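Listed below are the residues making up each chain.
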Amino acid sequence: MSELAEIKTAGVGAIAPIRPARRRRRRSSTEPSRLRVSVQVILLIAGSFVFIYPFLWMISTSLRTPAGIASSGIGLWPVQWAFENFVQALTAFPFWSYLGSTLLTTLIPVVTMVVMSSVAGFAFARIPIGRAGSILFGVVLATMLLPSEVTLVPQFILFRQFNMIDTLYPIILPTLFGGPFFIFLFRQFYLRLPLSLTDAALLDGAGWFRIWFSIYLPLSRPVIVAAAVIQFMSSWNNFIGPSIYLHSDTWKTLPLALAGFTSTHGTDTGLLMAASIVVVFPCLLIFFLAQRHIVGGLSFTGSK
Amino acid sequence: MGDIIAAINAALTAIGIPEELDAILSFTIPAAVVFALFYVVLAILAKKGRMTRSTAAFWGFIFPWIFGFLVFTAGPMVYSLGLSFFDWDLVSAPTFVGFGNYVTAAQDPYVGKALQVTLLFAVVSVPLQVVLSLAVAMLMNVKVKGINIFRTIWYLPSLVTGVAQVALFLWVFNPKYGLVNGVLGFFGIDGPSWFRDPNWALPAVILMSLWTVGGNMVIYLAGLQDVPAELHEAAQLDGAGQFRRFWNVTLPQLSPVIFFNVVTGLIGALQTFTQGYIIQAALQTGSGTGSSGTALLFFVLYLYQNAFNYFHMGYASALAWILFVMIMLLTLLVFRGSSFWVYYESARPARKDRVRRVRTR
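Top line first, the protein sequences correspond to chains A and B.
Quick note on my numbering: the first sequence kicks off at 1 and runs consecutively.
Quick note on my numbering: the second sequence kicks off at 1 and runs consecutively.
Please keep in mind that the hints were generated in silico from the structure rather than gathered at the bench.
Among the hints, a few may not be true.
Chain A regions said to be covered by chain B (calculated; three or more residues, Cβ under 8 Å) [unchecked claim]:
#1 140-147
#2 207-214
#3 218-224
#4 237-246
#5 254-264
The structure displayed is predicted, hence computed values, not measured ones.
Ideal Cβ positions, reconstructed from N, Cα and C, are used throughout, including at glycine.
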């Protein structure tokens, strides 16, 4: 459950002193009956089975030989185990070079997006500036709704001018200066922190940079994690950017390589599934590491 | 601008910088100059007292974003609008055609097809996603041991996105060996050939998009758990049944979250690209030709083909602006309509105060 939801529930409980005595009697009526809960759980199990099956089937297929794929059909158990699909997925194409480009186009944006958006979000939330600030923030919100396709062609022409075709720069450079959604996220979070934090620091003679760097930035850990995970997922899986700018093998990213793979090795399904799992794996890993923070970090965005 | 870049490159070569660094330095040097100038001017203004230190700090903090916005968003948008009135193949000189590109687009049957595919996808898949993720969130909103396992299971597929998801579903919807037709065959139904069949390609993509509702479901679940229990209790005391309580308590409380999801979902759906691109490439049906060739011709895919396969830069810019206007109109429509069904809590300040009090404690 989200941190905010917990706080809200706690708040509701705190101001209802008469509640406990009456509650027991009433709870039995609002709480769903045993039968309903059982039906719910059965539906959940059935639904989960349907949802997880393609995923398990993907893993199972990746462990099969071509003959096994033809014979085991929609079953989960591989007829013949074939781990060599994974070995081949890692060696059949320059995997480590692709991984290197993917990491470059993922980790740099993660760091710069988080830091730059935090600075800007802090300025919008806490530095008193008047009208200019709210107008600029309106521009930030407006760019959130902007489809990135509008800048696809002109950005291509811009980077072509700079001789940056077939390099990673066009994918990394636009992410160096922060993004509107994350600025919004950080601002909303900082607005909820008590104003006394800045007042006290200003009285002590701290500059705005100090206040941001040593007070606000460390306090915003949940947003940092959420923003970092979201940026990681979108950069890691970015396809349209690399497909426009990267042509030679030197700088190909993993999703781009996988896309090429689907059309050239489309018939070797076991190998294709193994390659897909390899590409997806870091996202799964990040998810399980950051699971707790993702929902908690997003629920206060002010969508409610 | 080309002259400036050439001049910088010439200067770099003159002082013996290796050529591989030319590209990045010809961008970094002007950018660094702009940044340095801005911060020096800011510092002088603050020193002389023309600007308070807070104001200077604000502009200093915001400037990186403003720079990025001007160079990578606002500038390109203006350029793109201008370019949409020209015919340009990147090689010969651009020729001015006025509204020619827009007129061509209005008569282009592929644009009509692309609009039809994209809008149909958005209008069908977004409501389905909302209903399904809300239903699952309702199911999951029970206190049972191990409920977290279900949550993880439903969330897991939304991590298999982009190219990997398409690769998987090309296999799941494989007409012969695929999972879907295998299950249908089990019930004696002869399944369609999905992506290869012009009538079934789009439904298959919609089904594929439903697989990743877990991300929305998690947000709805948090929203459901935020609905104050006292509202349900009060409604129950007033004699409201299950359905009435859902319709008159839960749904209004969730409406801001649903609204947010509908807006972002629509914008995302109108920008669908990867699915169409990879499925077409994998099926080798070629672009725009063949029977199932246009079944997945999403608008952004057609834009992409025009820009980066046919090098019709002006036409692609015009298409981008058509998409932009379409998204703006649709968003405006949803925003306008929202006052009828979205309920905001601002009418109840008491509860917000409580939250703040607890938080600052």
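Here is how each hint holds up against the structure:
1. With 5 residues bearing a CB less than 8 Å from a CB of chain B, the segment 140-147 of chain A meets the requirement of three and the coverage assertion stands.
2. Under a criterion of three residues with beta carbons nearer than 8 Å to beta carbons of chain B, the stated coverage of the segment 207-214 of chain A is upheld, 4 such residues being counted.
3. Coverage of a stretch by a chain is defined here by at least three residues with a beta carbon nearer than 8 Å to that chain's beta carbons; for the segment 218-224 of chain A and chain B the count is 0, and the condition is violated.
4. Counting residues of the segment 237-246 of chain A whose CB lies closer than 8 Å to any CB of chain B gives 6, so the stated coverage by that chain holds, three being the minimum.
5. Coverage of the segment 254-264 of chain A by chain B holds in this model, with 7 residues showing a Cβ closer than 8 Å to a Cβ of that chain against a need of three.
The structure fails to meet hint 3 from the earlier list, while all remaining hints are met.
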